[in-house]
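Going line by line, the protein sequences match chains A and S. Sequence positions in the first sequence follow my numbering and run 496 to 765. Sequence positions in the second sequence follow my numbering and run -1 to 78.
Computed list of lysine to any residue pairs in SDA-like fashion (alpha-carbon distance at most 20 Å, straight line):
1. A:K606 x S:R73
2. A:K572 x S:R66
3. A:K572 x A:D539
4. A:K720 x A:D512
5. A:K518 x A:R732
6. A:K606 x S:E67
7. A:K690 x S:L42
8. A:K606 x S:S74
9. S:K1 x A:R733
10. A:K690 x A:Q641
11. A:K572 x A:T613
12. A:K690 x S:R56
13. A:K720 x A:W530
Coverage of chain S stretches by chain A, computed from C-beta distances (three or more under 8 Å per stretch; other residues unrestricted):
14. 53 to 60
15. 68 to 75
Worth flagging that the hints you see were computed from the coordinates, not collected in a lab. Since the model is a prediction, treat every value here as computed from it, not as a measurement. Ideal Cβ placement from N, Cα and C applies to all residues, glycine included.
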Amino acid sequence: MYYFDPHIHMVSRTTDDYETLSKMGCVAVSEPAFWAGYDRGSVDGFRDYFEQLTSFEPSRAAQYGIQHYTWLCINAKEAENVELSREVIAMIPEFLNRPGVLGIGEIGLNKNTRNEATIFLEHLDLAMETNEQILIHTPHLEDKHQGTRMILDMLTGDQRINRNRVLVDHVEEHTIRPVLDAGFWAGMTLYPVSKCTPERAADMVEMHGPDHLLVNSAGDWGPSKPTAVPDFLLEMRRRGHAESLIRRVVYDNPIEFFSQSRGFNFQVPE
Amino acid sequence: MNKQEVLQREFLLVRAKVLEIAACLDRIDRAEGDLPQNHQRELLSEAIGHLLGKTGNRAEQIQLLFSREYSDQWRSEFQL
Chain A
496 MYYFDPHIHM
506 VSRTTDDYET
516 LSKMGCVAVS
526 EPAFWAGYDR
536 GSVDGFRDYF
546 EQLTSFEPSR
556 AAQYGIQHYT
566 WLCINAKEAE
576 NVELSREVIA
586 MIPEFLNRPG
596 VLGIGEIGLN
606 KNTRNEATIF
616 LEHLDLAMET
626 NEQILIHTPH
636 LEDKHQGTRM
646 ILDMLTGDQR
656 INRNRVLVDH
666 VEEHTIRPVL
676 DAGFWAGMTL
686 YPVSKCTPER
696 AADMVEMHGP
706 DHLLVNSAGD
716 WGPSKPTAVP
726 DFLLEMRRRG
736 HAESLIRRVV
746 YDNPIEFFSQ
756 SRGFNFQVPE
Chain S
-1 MNKQEVLQRE
9 FLLVRAKVLE
19 IAACLDRIDR
29 AEGDLPQNHQ
39 RELLSEAIGH
49 LLGKTGNRAE
59 QIQLLFSREY
69 SDQWRSEFQL
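Only chain A is shown next, with the shape it has when bound in the complex (with noise of 0.2 Å):
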């Protein structure tokens, strides 16, 4: 079965996983902008950044089938300098009309601080300006639930965002159903250790429904496992799930969602 990993780090990971993802049938992947394991010093690190996503990964992808997209932004863990956030959020429109560009992501809270609100407010601000789609991550362990509250509530407090054009990513047993509930999609990531299981993963759309749901991996620089969706395909498959459902979630939805944004040029498998 053909699938789409809409939340993998791939500037982490060598060659070899983008051909390994393609034998197990990876088409494409979309990359949000992320934390780099330190802090960048300047505006241009992330120009540097920028460039790679929008420039070389969707060509190491391409030798091995698999379309590549990507979304900008500065991460949370960076807002905390907020004069730095302001420099990277004003340099973002230079990229934004790029090939495979889908949007402003992953932004969101890490520490749930005020500084991190603060951009988080100034990305949306972008967002709506450039009218783009917005891809949002979640804290994690035992900021997740206050910080997903805190993002639902500026987001359902901004009256100008259309809540099926964003994507509230890494939700688990305790923040999947407000985010649904509210109108928006949610990704559930798999991890080996911090986050969410193929198995829980699996349990969460029995419990929910397929509805803007989306699985991804995170495949990141950390303990983490490129090839998890296929994990949960699997799962799902074990569990005498109908080929029609896996493939809503793991295909059908990703497609639904990205192809709102002017960026998203996706070629169907022939």
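With the hints as your guide, set chain S onto chain A.
Coordinates of chain S only, in the frame set by chain A:
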């Protein structure tokens, strides 16, 4: 799959996870020193208690147990 089939499929995995928790708690007990009023240890006990409930949303309840509290006044507290 019906209940019996799900249980059959999951039994050995859950058995192994329960044993891991038991061994980990034994490890803490065996270690030197005391745990006076330890918040993390109390949280674990409370979470284990949730496993014995019959709510059908144990995972959600345990997630909330391990979560920081949300205040709907956060914007005014942050002056945002």
